[in-house]
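Novice: Sequence:
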Amino acid sequence: MFLLFMLFGLVFLISGGIGLFYTNANLAAWSTLWVFGNLTFGTFALFGVLILFFLAFFNAEIDR
Numbered sequence: 041m042f043l044l045f046m047l048f049g050l051v052f053l054i055s056g057g058i059g060l061f062y063t064n065a066n067l068a069a070w071s072t073l074w075v076f077g078n079l080t081f082g083t084f085a086l087f088g089v090l091i092l093f094f095l096a097f098f099n100a101e102i103d104r
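Its first residue numbered 41, the sequence shown is counted upward by one per residue in our numbering.
Simulated from the structure, these hints should not be mistaken for lab results.
In this text, a Cβ means the ideal position worked out from N, Cα and C, and glycines have one as well.
There could be a bad hint or two in this list.
Claimed, not checked - Using C-beta positions, here's what the derived DEER-type ranges look like: (1) V75 - L95: 29 to 39 Å; (2) G57 - A96: 10 to 20 Å; (3) L50 - A100: 19 to 29 Å; (4) A68 - M41: 19 to 29 Å; (5) V75 - S55: 15 to 25 Å; (6) N66 - L43: 29 to 39 Å; (7) S71 - F45: 30 to 40 Å; (8) N64 - F93: 16 to 26 Å; (9) I58 - L95: 16 to 26 Å; (10) A68 - L95: 36 to 46 Å.
All chains, full assembly: derive it from the sequences and hints.
Specialist: Spelled out as structure tokens, the structure:
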């Protein structure tokens, strides 16, 4: 279970980071697509960071 959650966290973090880079590199600032892209991919990256954070600090409860 720990490895599955770690995989999900890494997938969210990597896909969110790539999406944020692509959005900010190729779209005009404050356009509608730029705002929605930052919200969407920022949420993916945040979920990935939070999953990995909680796995790092609370992994003793998950492994039981």
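Novice: With reference to the structure, classify each hint as holding or not holding.
Specialist: Structure-based check of each hint:
no., hint, in the structure
1, V75 - L95: 29 to 39 Å, "31 Å, holds"
2, G57 - A96: 10 to 20 Å, "18 Å, holds"
3, L50 - A100: 19 to 29 Å, "21 Å, holds"
4, A68 - M41: 19 to 29 Å, "43 Å, violated"
5, V75 - S55: 15 to 25 Å, "19 Å, holds"
6, N66 - L43: 29 to 39 Å, "34 Å, holds"
7, S71 - F45: 30 to 40 Å, "35 Å, holds"
8, N64 - F93: 16 to 26 Å, "24 Å, holds"
9, I58 - L95: 16 to 26 Å, "21 Å, holds"
10, A68 - L95: 36 to 46 Å, "37 Å, holds"
Going down the numbered hints, you'll see the structure goes against just number 4.
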